[in-house]
Each structure stands twice: as C-alpha cells, then as structure tokens.
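S.K.: Sequence:
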Amino acid sequence: MADEKEVAAKKPGGMAVWLIIIVIVALVSAGAGMGAYKFLLAPRLNAEAEKSHEEELPADAIPATSVVYDFPEAQTAVANSDPNAPTSVLIYTVSMVCQNEETKALLEKNKQWFVAMLADLHRGRTREELDDTAVQKSIRAQAREQADALLRRFQAKPNPDIKIIEVLHTKFTVYVL
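Be aware that the sequence shown starts at 418, since it is given in the numbering used here, and climbs by one per residue.
Rather than coming from a laboratory, the hints here were simulated on the basis of the structure.
You may find that some hints are simply not true.
Dumping the calculated DSS-like pairs for lysine-lysine here, alpha-carbon to alpha-carbon at most 30 Å [to be verified]:
hint, residue 1, residue 2
1, Lys554, Lys588
2, Lys528, Lys580
3, Lys455, Lys528
Taking the hints into account, I'd like the entire structure generated from these sequences.
M.R.: Structure follows, in structure tokens:
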C-alpha cells in the first residue's frame with residue numbers, strides 16, 4: 418500500500434494535463450464551429466438575404482438608367498356640354514420617364530409623332546372629365562401604351578429595353594376664358 422501512495426504522490430501534474438486536454442478540445446470544437454459557420458452557413462444566409470431583398474423590390478421600380486423627357490407645354494379646347502357656358506382651355510405639360518438614353522434619343526428623333534398622340538388623347542374632353550382624377554390617370558396610362566407602340570414601330574430590330582416606364586402630367590390646368 419505504501420507503494421501505491423508513492424506512485425499517486427509522484428503524479429502531481431495529472432490534473433493539469435487533463436485541464437490542458439479539455440481546453441484544447443474546447444478550442445478545437447469552437448474553431449470547428451466558427452469555421453462551419455463562416456464557410457457553410459454564412460454564405461447560404463447571405464444568398465437567401467440577397468434573394469429576399471431582390472424580391473422586396475417593387476415590380477414598377479424605376480431603374481437607375483432611366484431618363485426623363487419633357488414635352489413642351491400644349492393646349493387644347495375643352496368641350497362644353499352647355500352651349501351658354503364660357504369657353505375653357507386645357508393647358509398641359511407631359512413628361513415621359515424613358516427606360517434608358519437610347520429610348521430618349523428615339524423619342525426625341527420622332528418627337529412630333531408623340532406630340533400628336535398626346536394632343537389626340539387630351540382633345541375633346543369635357544370639364545367634368547378633366548376634373549376627374551381617374552380620367553387623368555387613364556390619359557397617362559393610354560399615353561404610355563401608345564408611346565410604347567410608337568417606339569416599337571420606329572425600331573429596326575425589336576429591343577425590349579426600349580420602353581416608356583411612366584407618363585407624368587407636370588402641368589394640367591383648365592382655364593376658363
């Protein structure tokens with residue numbers, strides 16, 4: 418028995434060795450966990466975050482390449498339902514948001530076609546129609562559709578990047594004379 422006590426007494430660093438082994442195992446485990454996160458989990462999470470961010474963008478987002486073309490001020494007579502009513506004139510200014518510079522260049526080159534189309538859309542309206550915001554929105558929507566149709570006619574080869582994104586009334590006022 419005395420020999421066993423001497424052997425046990427000769428190993429004073431036994432507990433320290435176990436502590437070092439436990440610390441090394443803990444550090445290796447922590448390093449493996451951090452490596453797994455960095456190289457396996459984080460790239461997947463970033464890809465999902467970017468994908469969800471792309472999905473959050475509205476479908477009608479205006480691209481950074483868009484440019485605005487302003488048409489000159491125009492006017493047209495307002496139709497009167499009452500023959501004794503004073504004559505009214507609609508004065509309007511239209512701006513078109515083009516997808517890119519190429520669209521704007523094509524629009525500028527054929528500007529008179531677009532001016533005539535806009536005049537046709539605004540002509541012959543009554544005062545009651547022009548006061549209705551739904552009619553104003555309808556005019557803008559029709560102008561965008563017809564402008565896209567004109568742009569398609571002017572292209573030698575169809576290009577889906579040449580289009581009008583939005584039509585805006587920057588001035589829309591009815592004056593009574």
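S.K.: Between Lys455 and Lys528, does the CA-CA distance stay at or below 30 Å?
M.R.: Given pair Lys455, Lys528 is violated - Cα atoms ~56 Å apart, limit 30 Å.
S.K.: For Lys528 and Lys580, compute the direct alpha-carbon distance and say whether it is at most 30 Å.
M.R.: Answer holds: Lys528 to Lys580 is near 15 Å, not above 30 Å.
S.K.: Take the C-alpha atoms of Lys554 and Lys588, compute the straight-line distance between them, and say whether it is at most 30 Å.
M.R.: Given pair Lys554, Lys588 holds - Cα atoms ~14 Å apart, limit 30 Å.
Against the hints set out earlier in the document, a violation occurs for number 3 only.
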